[in-house]
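There are 2 protein chains.
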Amino acid sequence: MNQLFVVGIGPGDYESMSIRAERILKNCQVIIGYTVYVELIQKFFPEAEFLTTPMRKEKERCELAFSQAEAGKMTALICSGDAGVYGMAGLVLSMAEMHPQTKITIVPGITAASSGAAVLGAPLMHDFAVISLSDLLTPWETIEARLRAAAEGDFVICLYNPASKKRADYLERACRILLNYKPEDTVCGLARNVGREGESCQVLSLGELLNTPADMFTTVFIGSSQTKAVAANGEIRMETPRGYEKKRKTPETP
Amino acid sequence: MNQLFVVGIGPGDYESMSIRAERILKNCQVIIGYTVYVELIQKFFPEAEFLTTPMRKEKERCELAFSQAEAGKMTALICSGDAGVYGMAGLVLSMAEMHPQTKITIVPGITAASSGAAVLGAPLMHDFAVISLSDLLTPWETIEARLRAAAEGDFVICLYNPASKKRADYLERACRILLNYKPEDTVCGLARNVGREGESCQVLSLGELLNTPADMFTTVFIGSSQTKAVAANGEIRMETPRGYEKKRKTPETP
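First to last, the sequence lines map onto chains A and B.
Going letter by letter, the first sequence gives residues 13 to 266 in our numbering.
Going letter by letter, the second sequence gives residues 13 to 266 in our numbering.
Everything labelled a hint here was simulated from the structure, so no lab data went into it.
Even for Gly, the Cβ is constructed at its ideal location relative to N, Cα and C.
There could be a bad hint or two in this list.
Computed, partial: chain A to chain B, Cβ under 8 Å [said to hold, decoys possible]:
#: 1; residue: Ile118
#: 2; residue: Thr150
#: 3; residue: Arg179
Pulled from the structure, derived: some chain A residues nowhere near chain B, Cβ distances all over 10 Å [to be verified]:
#: 4; residue: Phe57
#: 5; residue: Thr65
#: 6; residue: Pro66
#: 7; residue: Ala129
#: 8; residue: Thr154
#: 9; residue: Ser176
#: 10; residue: Lys177
#: 11; residue: Glu211
With these hints in hand, go ahead and build the complete structure from the sequences.
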């Protein structure tokens with residue numbers, strides 16, 4: 013049977029890939045992906061043939077992957093982060109019925125919520141919501157409704173695709189909505205270029221986040237009411253307590 | 013400077029660990045964790061000294077880790093999944109100020125939302141909320157409020173800790189709440205023992221999920237209004253479309 017693997021490669025540095033993803037990519041004859049991600053890993057798999065399609069050609073990329081697999085080549089379609097979180101796993105699965113001769117295997121990776129959180133400290137220690145601010149495929153009204161619902165539920169909120177050249181003010185718009193529910197001093201964080209050149213992070217307030225630029229390589233974290241700024245190794249980091257401290261308080265005796 | 017690594021080992025199978033996690037654990041002299049996770053990886057790191065503490069002794073586990081690091085041993089504290097998602101990263105960071113001589117590094121892993129989603133298909137292709145049903149450290153009212161908010165926002169919902177021996181009916185209670193917002197035929201999924209012996213998954217309706225047992229090694233996925241059941245490789249899988257199909261519809265011409 014033909015084999016198509018949909019592989020999440022993690023944030024971008026080779027070492028963040030899972031051992032399984034590495035083994036599968038080493039065995040694949042063809043590796044397909046968006047140009048930027050192919051460039052990140054190409055040198056590590058010198059024996060594979062690499063094929064790229066530009067951004068927004070997702071369906072064509074999947075069709076290319078199926079056609080390579082159906083030519084009998086062991087094929088991987090790579091995604092940054094996790095193939096199953098805003099990645100290509102869904103589109104590939106939606107085409108599975110048309111390609112019954114191809115076995116599809118989804119190989120998860122470390123998504124930007126996890127890799128960004130690790131750089132910023134521990135913002136996701138309690139319940140959280142992941143929202144993409146890209147309105148290319150989702151109406152802005154839906155995004156806004158989800159921001160409101162996540163704020164009402166006091167989730168930590170992790171924003172993917174907070175801005176792009178065409179959507180320069182989307183993060184500001186999101187912050188204005190959240191400021192209806194959350195105080196200005198809510199602890200927030202930005203993780204930029206995680207696992208890539210220029211990796212950096214910043215802990216700041218929601219009021220400050222409102223006026224802070226972001227791009228498509230930034231992941232944004234907006235704290236819950238419990239999230240704190242803590243000092244660690246001489247840096248300021250985010251921490252959302254899970255509640256161990258509370259548990260250990262001795263109950264008051266009458 | 014003393015070194016303490018807080019390492020997410022992923023769902024449980026060795027290959028789901030990141031290459032970085034493997035390299036760090038190979039270099040550590042002491043590896044500390046909850047007994048079950050230590051047993052999963054102990055044989056792969058024969059040169060390390062392993063120390064365990066039982067469940068619910070999280071603070072003691074962190075103190076043990078700091079004390080080992082401060083004895084000059086390169087030390088890792090391991091967590092299943094991602095160290096930063098309901099893991100130990102937060103508690104360690106909250107103790108950082110008391111241990112200024114120890115450099116803390118958080119090493120992310122593949123969390124159960126990602127590893128469970130990959131087994132079930134592609135349920136997390138669009139915005140999602142992660143909620144733990146454990147009320148050991150969180151009041152049930154908070155959990156219930158988050159379930160309601162996530163349903164109102166039409167998020168895909170991923171439930172961690174859906175049940176335990178003492179909380180056998182919590183998943184049922186959660187389903188009853190969600191049924192106030194979502195139809196009975198909402199597409200849901202269960203992923204059990206991912207990356208471990210007895211791995212299995214099941215796609216079912218919210219009405220069926222209500223009466224389905226789960227345990228602490230189960231991750232539950234409740235679809236949004238858009239989530240579909242799709243056939244792939246002769247199995248039924250979950251898919252939450254990201255909207256590529258919609259985008260490609262030709263606009264109606266007058």
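(Q) So, against the hints stated earlier in the document, which numbers end up violated here? (A) 3, 7, 8
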